[in-house]
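S.K.: Going down the list, the protein sequences come from chains R and W. Here the first sequence is numbered in my numbering, starting from 1006 and rising by one per residue. Here the second sequence is numbered in my numbering, starting from 1006 and rising by one per residue.
Rather than coming from a laboratory, the hints here were simulated on the basis of the structure. Misleading hints may appear alongside valid ones.
[Claimed, not checked] With a straight-line cut-off of 30 Å between C-alpha atoms, the simulated DSS-like cross-links for lysine-lysine are: (1) K1300/W to K1219/W; (2) K1179/W to K1290/W; (3) K1152/R to K1084/W; (4) K1269/W to K1152/R; (5) K1038/R to K1300/W; (6) K1179/W to K1300/W; (7) K1038/R to K1038/W; (8) K1037/R to K1152/R; (9) K1151/W to K1084/R; (10) K1151/R to K1084/W; (11) K1084/W to K1245/W; (12) K1038/R to K1269/W; (13) K1146/W to K1054/R; (14) K1083/W to K1038/R; (15) K1037/R to K1037/W; (16) K1189/R to K1300/R; (17) K1146/R to K1269/W; (18) K1176/R to K1038/W; (19) K1199/R to K1269/R; (20) K1219/R to K1240/R; (21) K1269/W to K1286/W; (22) K1084/R to K1038/W; (23) K1176/R to K1146/W; (24) K1037/R to K1176/R; (25) K1219/W to K1108/W; (26) K1038/W to K1146/W.
[Claimed, not checked] Derived CB-CB ranges, DEER-like: (27) H1119/W to G1056/R: 17 to 23 Å; (28) R1142/W to V1185/R: 32 to 38 Å; (29) H1119/W to K1151/R: 34 to 40 Å.
Note that the Cβ used here is the ideal one computed from N, Cα and C, for glycine as well.
Number of protein chains: 2
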Amino acid sequence: MKQLFLISLLTYSYLFAKEPIPTIPQTIEYDKKKAKVGMMLFFDTRLSKDGSTSCASCHSPEAGGADGRAISTGVFGKKGGINSPTVYNSVFNFRQFWNGRAKDLAEQIDGPVHNPVEMGLTTDEIVEIVNNDSNYRAALKRIYLKKNITYEVIKDAIVEFEKALITPNSKFDKYLNDEVELSKPEKKGYMKFKRFGCITCHNGVNLGGNSYQKFGATIPLDRPEHIDDLYARTKIEDDKNKFKVPTLRNIALTAPYFHDGSAKTLEEAVARMSYHNLGFKINDKDINDIVAFLKTLTGQEPRILTNGE
Amino acid sequence: MKQLFLISLLTYSYLFAKEPIPTIPQTIEYDKKKAKVGMMLFFDTRLSKDGSTSCASCHSPEAGGADGRAISTGVFGKKGGINSPTVYNSVFNFRQFWNGRAKDLAEQIDGPVHNPVEMGLTTDEIVEIVNNDSNYRAALKRIYLKKNITYEVIKDAIVEFEKALITPNSKFDKYLNDEVELSKPEKKGYMKFKRFGCITCHNGVNLGGNSYQKFGATIPLDRPEHIDDLYARTKIEDDKNKFKVPTLRNIALTAPYFHDGSAKTLEEAVARMSYHNLGFKINDKDINDIVAFLKTLTGQEPRILTNGE
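Go ahead and model the full structure; you've got the sequences and the hints to work with.
M.R.: Below, the structure is given as structure tokens:
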């Protein structure tokens, strides 16, 4: 009996001693002046072919840094090909986009702004629009000490803003810091999340965002490969249906789920992911516990431009 | 001698006991969900006739909540008639606009959005633009629980955002809370500010924003009346050149000064105001002290949409 207790204790301390998930830091270094202009650029619909679409159109503070749609809409009401990932905590991802084709936030910007179904502008058009706004021109000249506001300067300001969009102080992070207790289902959910193997891919500060994995690694998907998978970049057969593992931070705010937005609820997402990637049919009790855990990952959303809280 | 000391002490405690300037509160009540959408509307240039001008064009976080210009520029590059006042702490003003023609922030919005040299849209056009954006439509319907997104709803969201633009924790406020000391010139400046009589009009939480006063009350201005003075509303002869006393909060960030933006520096503003309203030529030493004091009124600017600080 004593021995069993000891083994339980050891198992317990193994499971809890070194958590595979670090907390989101309270602060991050960024240039506030640049970020202020970056914020304005981020919300500026003029930076699109028909003046309808800003970065925030698909990465909105109203929708957990994403857009609440299965597939995003861009200029002239055109539909994109993939689900908009959250901009929150994206600075912690090892690469950007579902198939990681951008190495960092600056390179990521090239995608949507030039994509004809997203914002659809050339570099020259963007530079012209920003330079034609005397507020932007004055502010960027003052901050960057440059004569000409280049595309690189514009992107840099947006990146400084995006860096700051981190979401600390989730219930789970507070739990990791011994500041709060999880409820029973939340705690069980976390245990199952680790035991069942979700943690294999969803680990690190973002619970994801740090590796490519095949959707359907164990039981293949019964549908065609996606145009924006890793294969699209590498042309390696095995990379079909491989994607950057998405972050689970703030996942309760960013339905629908998966690269194609085909899972409407967290319950559906957990069930399908367990089946295709862990290889078993998960029961409702386990789903509910894991979903309870996932809901503890909602962090403190970036403050809006206020001192009023 | 003892008596003199007592009188000095009494004078001192009179001057410092009940400060005529309350601090800016740390927080203010507002609806965060509404404010989030309001923020996006505030930065949206689509809400103008030529798609060039947002609320932030003249009330920018890049320029202390104003725009750094003597006279603001609106749609089609048109020049307005008056200096843009800061949006920061405007919730504490007793009325809005230089001549107080709006009773509150909601009524204020009617001005610039309809003004042909500012944003130049009709109510119907604004409602149409906002309703055509599926993000706005979805968010506002969800938050306001209404079928139709009306002009009133749109304004209300913007107001909730503007309410939150307060700037607590200026050096002066910290001084009032006994948290920091003022430097010698700053303290002297504050004493002179009170003794000379600046405090007569620039008092209350906003050091202004709570009364109308005549510019040139003692020594009249040597120039024509302004089109947007109180007289324009009341047609009372004595109201010519009367304006709402502007706030001095964050004044170091919002050059140039006065309703016509004619004073380029704080030094010039203090000199001209002393002459015309207090009735004497102030010397350089006194100007410098008062300016040192005015610079302590720069508060903590509203946080941009981040958790990164």
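S.K.: Taking the hints in turn, state whether each one holds.
M.R.: Structure-based check of each hint:
1. Proximity of K1300/W to K1219/W is assessed by CA-CA distance (about 25 Å); at most 30 Å being required, the pair is judged to hold.
2. Taking the CA atoms of K1179/W and K1290/W, the gap is near 25 Å; set against the 30 Å cutoff, the hint holds.
3. Note on K1152/R and K1084/W: the hinted pairing holds, with a Cα-Cα distance of about 26 Å set against a maximum of 30 Å.
4. Only pairs whose Cα atoms come within 30 Å are accepted, and K1269/W paired with K1152/R is accepted, the gap being roughly 24 Å.
5. Between K1038/R and K1300/W, the direct Cα distance comes to roughly 20 Å. Compliance with the 30 Å bound is thereby established for this hinted pair.
6. A distance of roughly 13 Å separates the Cα atoms of K1179/W and K1300/W; the hinted pair therefore holds under the 30 Å criterion.
7. Restraint check for K1038/R and K1038/W: the C-alpha separation of about 26 Å stays at or below 30 Å, so the hint holds.
8. A hinted pair counts as satisfied when its Cα atoms are at most 30 Å apart, and K1037/R with K1152/R qualifies at roughly 21 Å.
9. Annotation: proposed proximity of K1151/W to K1084/R holds, straight-line Cα distance about 27 Å (limit 30 Å).
10. Annotation: proposed proximity of K1151/R to K1084/W holds, straight-line Cα distance about 27 Å (limit 30 Å).
11. Proposed proximity of K1084/W and K1245/W is supported: the alpha carbons are some 23 Å apart, at most 30 Å.
12. Restraint check: the Cα-Cα separation between K1038/R and K1269/W comes to about 23 Å, which is no more than 30 Å; the hinted pair holds.
13. For the hint pairing K1146/W with K1054/R, the CA-to-CA distance comes to about 27 Å; that is within 30 Å, so the pair holds.
14. Straight-line distance between C-alpha atoms of K1083/W and K1038/R comes to about 28 Å, which keeps the hinted pair within the 30 Å bound.
15. A hinted pair counts as satisfied when its Cα atoms are at most 30 Å apart, and K1037/R with K1037/W qualifies at roughly 22 Å.
16. At roughly 13 Å between alpha-carbon atoms, K1189/R and K1300/R fall within 30 Å of each other, so this suggested pair holds.
17. About 21 Å separates the Cα atoms of K1146/R and K1269/W, which keeps this hinted pair within 30 Å; it holds.
18. Of the supplied pair hints, the one linking K1176/R and K1038/W holds, its CA atoms being roughly 21 Å apart against a limit of 30 Å.
19. Using a Cα cut-off of 30 Å, the hinted pair K1199/R and K1269/R holds, with the two alpha carbons roughly 24 Å apart.
20. Restraint check for K1219/R and K1240/R: the C-alpha separation of about 14 Å stays at or below 30 Å, so the hint holds.
21. For the given pair, K1269/W sits about 18 Å from K1286/W by alpha-carbon distance, which is consistent with the 30 Å threshold.
22. Distance hint between K1084/R and K1038/W is fulfilled; the C-alpha atoms sit about 27 Å from each other, no more than 30 Å.
23. Between the alpha carbons of K1176/R and K1146/W the distance comes to roughly 29 Å, so the proposed pair stays at or under 30 Å and holds.
24. Between K1037/R and K1176/R the alpha-carbon distance is near 27 Å, which keeps this suggested pair within the 30 Å criterion.
25. At most 30 Å may separate the alpha-carbon atoms for a hinted pair to count; K1219/W and K1108/W meet this at roughly 20 Å.
26. Using a Cα cut-off of 30 Å, the hinted pair K1038/W and K1146/W holds, with the two alpha carbons roughly 12 Å apart.
27. Roughly 21 Å separates the CB atoms of H1119/W and G1056/R, a value that falls within the hinted 17 to 23 Å.
28. The beta-carbon spacing between R1142/W and V1185/R, approximately 37 Å, falls within the hinted interval of 32 to 38 Å.
29. For H1119/W and K1151/R, the hinted distance range of 34 to 40 Å is satisfied, since their beta carbons lie about 38 Å from each other.
Comparing the model with each numbered hint stated earlier shows that all of them hold.
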